[in-house]
Amino acid sequence: MRDLYQRLALSPAADQPTLDSALSRCPNSALRRDAEAALGVESHRARYDELHQTLGDIGRLRAGLGLTHAPHWQIDAANDFSMPADTAPPRVETLGRRIAAAVSFFDRWRSAQGVWLLITVFAMGAGVGLALGLPLLAWLGFL
Amino acid sequence: MSAARFSRFERVLIESRSRVDTAALLLLAWVLCKRPELSPTQRLQRLARAGAQFRHAIGLKQLLEIAGEQDVSALQLAAEVVRDESTPARRLTVLQQAIGLATDDGALSPSNHYVLRFLADLLSFEPTALATLFSELTGHALTPAEDISRSDYWLREDAAFRQAQAERARAEQQAEQQRAREREKAREKAEQANEQARRERERHERASRSTPDPSGAYKSRRALAVLGLSPGATREEIRRAYRRLAQLHHPDRAYAKSEHHVALASQRFQRIKNAYDYLIKAST
Numbered sequence: 001m002r003d004l005y006q007r008l009a010l011s012p013a014a015d016q017p018t019l020d021s022a023l024s025r026c027p028n029s030a031l032r033r034d035a036e037a038a039l040g041v042e043s044h045r046a047r048y049d050e051l052h053q054t055l056g057d058i059g060r061l062r063a064g065l066g067l068t069h070a071p072h073w074q075i076d077a078a079n080d081f082s083m084p085a086d087t088a089p090p091r092v093e094t095l096g097r098r099i100a101a102a103v104s105f106f107d108r109w110r111s112a113q114g115v116w117l118l119i120t121v122f123a124m125g126a127g128v129g130l131a132l133g134l135p136l137l138a139w140l141g142f143l
Numbered sequence: 001m002s003a004a005r006f007s008r009f010e011r012v013l014i015e016s017r018s019r020v021d022t023a024a025l026l027l028l029a030w031v032l033c034k035r036p037e038l039s040p041t042q043r044l045q046r047l048a049r050a051g052a053q054f055r056h057a058i059g060l061k062q063l064l065e066i067a068g069e070q071d072v073s074a075l076q077l078a079a080e081v082v083r084d085e086s087t088p089a090r091r092l093t094v095l096q097q098a099i100g101l102a103t104d105d106g107a108l109s110p111s112n113h114y115v116l117r118f119l120a121d122l123l124s125f126e127p128t129a130l131a132t133l134f135s136e137l138t139g140h141a142l143t144p145a146e147d148i149s150r151s152d153y154w155l156r157e158d159a160a161f162r163q164a165q166a167e168r169a170r171a172e173q174q175a176e177q178q179r180a181r182e183r184e185k186a187r188e189k190a191e192q193a194n195e196q197a198r199r200e201r202e203r204h205e206r207a208s209r210s211t212p213d214p215s216g217a218y219k220s221r222r223a224l225a226v227l228g229l230s231p232g233a234t235r236e237e238i239r240r241a242y243r244r245l246a247q248l249h250h251p252d253r254a255y256a257k258s259e260h261h262v263a264l265a266s267q268r269f270q271r272i273k274n275a276y277d278y279l280i281k282a283s284t
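From first to last, the protein sequence lines are chains A and B. Residues in the first sequence are numbered from 1 upward in steps of one, following the numbering used here. Residues in the second sequence are numbered from 1 upward in steps of one, following the numbering used here.
In short, the hints are calculated from the structure, not lab data. One should not assume that every hint holds.
[Claimed, not checked] Incomplete in silico selection of chain A near chain B, CB under 7 Å:
no.: 1; residue: Met1
no.: 2; residue: Leu31
no.: 3; residue: Arg33
no.: 4; residue: His44
no.: 5; residue: Arg60
no.: 6; residue: Ala70
no.: 7; residue: Ala88
no.: 8; residue: Pro90
[Stated by the list, open to error] Residues of chain B placed beyond 12 Å of chain A at every Cβ, according to the derived structure:
no.: 9; residue: Lys34
no.: 10; residue: Ala74
no.: 11; residue: Thr138
no.: 12; residue: His140
As the structure is a computational prediction, the values presented were derived from the model and not from experiment. All C-beta atoms in this analysis are idealised placements derived from N, C-alpha and C, irrespective of residue type, glycine included.
Can you build the whole structure from these sequences, using the hints too?
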């Protein structure tokens with residue numbers, strides 16, 4: 001399974017006229033014949049695109065997991081769908097760090113809960129007093 | 001701390017009692033999602049059946065949804081968890097379940113060819129080990145994936161496409177033949193034109209060559225001039241003129257002078273005789 005889009009220098013979302021013009025420009029007659037068979041017919045292209053998507057995902061997964069030179073990843077698929085190695089830290093580590101951060105945030109919130117409660121009650125009292133006091137003053141004729 | 005929220009799979013994983021099992025079930029759900037012929041209910045049933053092998057199998061529907069979204073980061077997280085945290089026995093179970101889910105009552109789909117091989121790499125099974133396991137479980141050998149990026153695959157698999165291609169080839173061949181015929185015709189025409197031109201030229205040449213050639217009237221006029229007669233002379237006049245001239249120019253008369261004179265006289269006599277013969281022949 002080869003990446004025909006890459007070999008024709010096309011995006012996988014290319015529409016039919018773009019594909020046709022790329023095919024007519026293609027100097028490699030064998031590649032042109034293959035691409036006409038696999039991409040020229042709508043049902044064929046749907047199946048090809050599905051597999052293309054899967055192999056793209058697998059290429060990314062292998063790059064992320066350091067499996068780009070594993071024994072089952074060979075020939076055409078490995079040549080066309082391998083991605084550059086992923087420099088991001090492992091997802092498990094990232095998840096662990098995020099959980100730790102969430103836990104410490106939760107703990108801080110719980111420990112500061114009393115202070116926050118006091119501030120909230122005071123602010124609410126002030127708000128209510130202001131809302132009631134202003135009409136009262138107006139009614140008494142001070143404003 | 002990153003500001004993004006926890007993804008769905010991360011939440012499922014955190015809530016799970018067994019991370020390895022949840023992660024393995026996500027990978028199995030991914031295998032099931034690569035079988036387009038199954039309905040969502042069938043997928044759920046099969047995943048539940050496979051989940052019986054695992055300690056923790058809840059939230060299967062959610063796992064199927066996540067796998068169906070082709071969420072690569074979720075799959076990568078699951079793969080890392082399975083790779084890092086599972087025992088060899090668990091790895092074997094995961095691969096067996098994956099093969100089972102990929103092939104039960106159906107051939108291996110093209111996508112699953114690659115997915116199974118990815119899982120074998122992830123769980124560090126050598127190609128021979130995978131092939132053995134596959135033939136033990138399914139009863140037939142693991143073939144290499146068909147290459148659907150090649151035209152021979154479609155020519156073999158799709159009868160309608162094969163027919164269309166054959167018709168196109170035939171039409172092209174016919175067009176080619178037609179073109180060849182037309183070329184042949186054009187060539188013949190050009191040849192004919194050439195021939196015509198050649199003949200025309202030849203005729204021209206012959207005509208131009210034949211102008212000095214004496215035609216009948218011209219010849220007889222010259223013959224009469226030789227005999228010293230004007231056109232319209234009768235047979236009698238011709239005969240008399242000939243006799244006079246023959247006597248006058250006979251080579252015997254020049255015999256006494258010299259051989260040169262004889263030769264000249266004989267030429268003259270020959271010319272006179274030729275003219276007389278022609279005129280006599282023409283007048284009869």
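Structure-based check of all given hints:
{"no.": "1", "hint": "Met1", "verdict": "holds, 5 Å"}
{"no.": "2", "hint": "Leu31", "verdict": "violated, 9 Å"}
{"no.": "3", "hint": "Arg33", "verdict": "holds, 5 Å"}
{"no.": "4", "hint": "His44", "verdict": "holds, 6 Å"}
{"no.": "5", "hint": "Arg60", "verdict": "holds, 5 Å"}
{"no.": "6", "hint": "Ala70", "verdict": "holds, 4 Å"}
{"no.": "7", "hint": "Ala88", "verdict": "violated, 10 Å"}
{"no.": "8", "hint": "Pro90", "verdict": "holds, 5 Å"}
{"no.": "9", "hint": "Lys34", "verdict": "violated, 6 Å"}
{"no.": "10", "hint": "Ala74", "verdict": "violated, 9 Å"}
{"no.": "11", "hint": "Thr138", "verdict": "holds, 17 Å"}
{"no.": "12", "hint": "His140", "verdict": "holds, 19 Å"}
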